[in-house]
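Participant: Keeping the supplied structure of chain E fixed, place chains C, W and L upon it in accordance with the hints.
Quick note, the sequences are listed as chains E, C, W and L, same order.
Going left to right, the first sequence walks through residues 1 to 346 as full-length UniProt numbering numbers them.
Going left to right, the second sequence walks through residues 1 to 346 as full-length UniProt numbering numbers them.
Going left to right, the third sequence walks through residues 1 to 346 as full-length UniProt numbering numbers them.
Going left to right, the fourth sequence walks through residues 1 to 346 as full-length UniProt numbering numbers them.
Treat the hints loosely; a few may be bogus.
Identical copies look the same in the list; a pair holds intra-copy or inter-copy alike.
[To be verified] Here are the simulated lysine-lysine pairs, DSBU-like style, with alpha carbons at most 35 angstroms apart: (1) Lys-92 / Lys-105; (2) Lys-141 / Lys-105; (3) Lys-260 / Lys-189; (4) Lys-30 / Lys-249.
Please keep in mind that the hints were generated in silico from the structure rather than gathered at the bench.
There are 4 protein chains.
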Amino acid sequence: MIKIGIIGATGYAGGELVRILSGHKESEIKWYGSRSYIDQKYADVYRNMFQIVDAVCMDDNMEELASQVDVIFTATPQGLCASLVNEEILSKTKIIDLSADFRLKDVKVYEEWYKIGHKAPQFIDEAVYGLCEINREDVRKARLVANPGCYTTCSILTAYPLAKEGLIDMSTLIIDAKSGTSGAGRGAKVQNLFCEVNENMKAYGVATHRHTPEIEEQLGYAAGEKVVLNFTPHLVPMNRGILATEYAKLTKDVSWEEVKAVYDKYYGDEKFVRVLNQDICPETKWVEGSNYVDIGFKIDSRTGRIIMMGAIDNLVKGAAGQAVQNMNLMFGIKESEGLELVPMFP
Amino acid sequence: MIKIGIIGATGYAGGELVRILSGHKESEIKWYGSRSYIDQKYADVYRNMFQIVDAVCMDDNMEELASQVDVIFTATPQGLCASLVNEEILSKTKIIDLSADFRLKDVKVYEEWYKIGHKAPQFIDEAVYGLCEINREDVRKARLVANPGCYTTCSILTAYPLAKEGLIDMSTLIIDAKSGTSGAGRGAKVQNLFCEVNENMKAYGVATHRHTPEIEEQLGYAAGEKVVLNFTPHLVPMNRGILATEYAKLTKDVSWEEVKAVYDKYYGDEKFVRVLNQDICPETKWVEGSNYVDIGFKIDSRTGRIIMMGAIDNLVKGAAGQAVQNMNLMFGIKESEGLELVPMFP
Amino acid sequence: MIKIGIIGATGYAGGELVRILSGHKESEIKWYGSRSYIDQKYADVYRNMFQIVDAVCMDDNMEELASQVDVIFTATPQGLCASLVNEEILSKTKIIDLSADFRLKDVKVYEEWYKIGHKAPQFIDEAVYGLCEINREDVRKARLVANPGCYTTCSILTAYPLAKEGLIDMSTLIIDAKSGTSGAGRGAKVQNLFCEVNENMKAYGVATHRHTPEIEEQLGYAAGEKVVLNFTPHLVPMNRGILATEYAKLTKDVSWEEVKAVYDKYYGDEKFVRVLNQDICPETKWVEGSNYVDIGFKIDSRTGRIIMMGAIDNLVKGAAGQAVQNMNLMFGIKESEGLELVPMFP
Amino acid sequence: MIKIGIIGATGYAGGELVRILSGHKESEIKWYGSRSYIDQKYADVYRNMFQIVDAVCMDDNMEELASQVDVIFTATPQGLCASLVNEEILSKTKIIDLSADFRLKDVKVYEEWYKIGHKAPQFIDEAVYGLCEINREDVRKARLVANPGCYTTCSILTAYPLAKEGLIDMSTLIIDAKSGTSGAGRGAKVQNLFCEVNENMKAYGVATHRHTPEIEEQLGYAAGEKVVLNFTPHLVPMNRGILATEYAKLTKDVSWEEVKAVYDKYYGDEKFVRVLNQDICPETKWVEGSNYVDIGFKIDSRTGRIIMMGAIDNLVKGAAGQAVQNMNLMFGIKESEGLELVPMFP
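Pulled out of the complex, with its shape left as it was, chain E reads as follows:
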């Protein structure tokens, strides 16, 4: 049994880790860390877990934790993981960081977009970007995994095969993404109140959202060139789900079937990526609660562009599910263990 510690177990991503891991047969959670709720029963914070989880919330003492568990998930605000991690800890335990601290390879880019100094730049090179479908082999060997952001996972996977194969002109790539509100976290802010979000739709962080450089870096690796793109997130009145609509000029004349073949080349054996049939657009509802990425696309011969669409559950494939998928890889167990979650409809 893999012994697990979670730091930040009472945020939405942390809560989803607990939900998913409760069905994982080769692990058990030993530490429910939550500074805000220390000494309170976890099930008093997330009542869905009443009579399922009996534990009490603990502090976020990573030193102590490292000696007790095989892997630590940090589902915490930017900067915290970097401020706690050190060589001794990494020598004892593995870390899967759900924050952005180790996602970007260029520390200057991190500091510029996140507006904070980086406390552990010495681990940036070692950290593996945990997008399993792309970096699977590196993840297997990692001590420290940077779990990708929610928008990022969806945005990258949707365009990756075409970027890799040079089918799209990367300078024309535009990503218009729409997210459910759980992506904004459980902090008490007026802008996330029910009455402010319900019956409303807006863009935010236009041209400045922090997931932008992460998408650019990863798609840049795929394309083999520096990528600069537009990424615009939007807030949607729903709890879960991200839909990314992506536009790019095709570099050559291709049919739907040819593009499909490219997607299949990369994802044909991927359990969690479903490339949809022709003329089917992904819907966030069809992946809700699951680790799937659904991808569809349409070629517009009038404009020479392809419109790619990807949908995920932001808390699963966009956070906790992917983190568990990474853990499974790191510990050499079945990659889908605990993740055979059937999407819930309606």
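Facilitator: Structure of chains C, W and L alone, referenced to chain E:
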């Protein structure tokens, strides 16, 4: 492996059966019946099932089906199951009927509230009312189970221990219930359009809803007297969930702890009933996607009434989950097989 | 032109006052009081008002305000109005208090349910309970109006004629109310976040909600007897609207038409009360954005009870709309001025 | 008083016409046409109108109607208006067509995108495209106005000044639009049921949506060149509102202030267009129920693109409100009569 046939697999309850059974380790679905979608791929109707279910929809030929499967679920409109069932079929297979055809023991009451004639009254006596927590032993031996209605399951289980123990005056019982919209089914009706339901709340079927006699009959058995009560359903702008708020005069002066002890007497060992701590009110979100019934209550000494509250997911404990629980009992396997569904939050 | 000051202009009720008054032809707002946003442009807080309201938020100096305006609306937390009001202020200006400070005639009941001391008990007797349809003549002469609560307005008006005429047994009256989330205000609380409210339904404040004694007092005046009842509020995933479902034993055998005649006796000439036709249940959506109260009812001969249902927009008839209606009465202008708001559908 | 007839008064756009016109002081509705509800009381179809509208639904006899009213609104499916209109009718009355029949100047484009033949091509030249802010003078003189589509109004007005001034490269223009569900109409379709739309987000009509050529034609006039662009509509779980996010390469280096000046040049005097302050993104909620278009934009120097965002209420500025604005122009009354609707929040 239990071989399963579903008639009505493309309604919301049928879809939920498929979702739940996809995680059930001792059964497999052999027949996805759906008159509306014959010959279409099931996953084209419910795209969440893409690459999970590969089957094609079949007709609702119960004769044929009976010779192929061990149990048939009928998730169909009132009257259909009764019109198809016969002794030969029941001699070959078991039936779990999710419609109301065999829930009421008095055929006249059925015909009065449902406004249709009953086509198979000869099986009414034999049919077992499949509220597992109450009729567990009878369910084990049944050939034909009448799976309770969604409002009914929630309403009965919330009041049952107090009715049974004579703690409430049954003539004062009032049930005010609130349901998500999936309870209205997948039929294309103007009144269930998004724009008609969203940002709206209403009562309907006041004093005439068909679940009323079912609640009265079952609580009557518990109380040992004829029960006539008010049941008022309401439509809530959410997909899933039923909340029943129930009011009754207490027959004697009791403390919260004493009432809790009564609930524990009946439900202390029940995996799927969670009696909440003092001052905690159930919320539908905390049971979403799961087979739980959450129950809370408050004694109002000013009025001498107790307010009981119950919450379920109408498609799980209120339909498909309970049907699977019944199946597990009928086939002697672990009662919770396939049902260890952790509620999804948020 | 009536000169108006608002203390608490940036809460949801305050915002609705501003919206409604922007269409009121015989008044103008001179003071947008908001401690939280002093010196900020009002339209930066409520962007719907961009290019409509040009004013800047002021403090809540009631002394100063009293010398500048003809009427002050206090849309503030409990206790604030009582702590600011004094004889000098009331000699200069009229006050319409949207909080509970002057709603209850018995100061002990106030202090017991609200858990705070009352700072201005000397004005309780003078204050007029501003339920226009019931206390119209008193309102006309008032200096200080206690604007009724949202649940209260809906609950009282729905039962009032039958209470007054002795048609219902008041000891059996149960009010099960459902409210949109704007009733919870604009404070940043986890429990009111979108993800906590959406796809969820719960009761709260069971047997302890502060609107209970207000309903009891007013219906007690109507019935001519002390009334003790059950009132249970519920939170619904919608922005606006209250639906009250009320149950009581009828004191005699009456037909739908006879009860309708009783409602018509009291409300036949009331512009803002619409008594619906037989078998029509009120829906909150049909009154959204308007000052209407829609009332329907059903007699259940099986149980001898009547089920009364009322629907309002909690921010309009339940708060700001009624406050303006009171102002119109106090200043002798057309009662419906500014309130001819057509409900918005969908 | 302008005498008005509405054909299609019971669809959502028709209902909104009735709501808006009920506050219009210089007109009255004489004819509520609705084939589906002939002889039923209008207020039985839209209960918000109970005790406000007393009329009964009529058929869609345009000949008869033309002799009774000064203007006919057709809020009907594509093709109906074209099949009914003729010279005699137009000699007697004015027509404002809310369908697409007369929006496109090229009948071939119409027939290609709408897949139906055009029944009255002889009136296409005469018809004025009723985007008031752009074609105001032509509208004043029109007999037949083609009221723009909802997506179209929002998409065009958001980009128009920059297209007109040559500030954006039209070949790079991409419009990603998000709409509330009322845009899908009141027809009973499974895909628009509450449970299918709620907690869901999807694109549809990708590269094939019928509003595309309308946007291209109008922006083509503005830019003085043929425009071919990508337009992708999305369905959002809300009732009302369209948000268009538009991307284009800037043709030269400009500051936010310079672009703002361009918007102000075109919209500075427009009552219904609000160009927002720097760093403010439009939200559909802030225009709900009103005739406003809110526009914001951001320059991304990294990519050389401008991101323009526009928000409207699809049923008001996107349909009925704009239709009334057109009527006001055609009859020489105040352009904003009946349209001084303050957005409702929350």
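Participant: Indicate which option fits the pair Lys-92, Lys-105 if close means a Cα-Cα distance not exceeding 35 angstroms: within, between, both or neither.
Facilitator: Within one copy only: 24 angstroms inside, 65 angstroms across.
Participant: Since the copies are identical, ignore which copy is meant and state whether Lys-260 and Lys-189 lie within 35 angstroms (CA to CA) inside a copy, between copies, both or neither.
Facilitator: Between copies only: 31 angstroms across chains, 43 angstroms inside a chain, cut-off 35 angstroms.
Participant: Please sort Lys-30 with Lys-249 into within, between, both or neither, judging by C-alpha distance up to 35 angstroms.
Facilitator: neither (50 angstroms within a copy, 46 angstroms between copies)
Participant: How would you label the pair Lys-141, Lys-105 (within, between, both, or neither) given a Cα cut-off of 35 angstroms?
Facilitator: So Lys-141 and Lys-105 pass the 35 angstroms test inside one copy only (18 angstroms; across, 63 angstroms).
Of the numbered hints stated above, the single one contradicted by the structure is hint 4.
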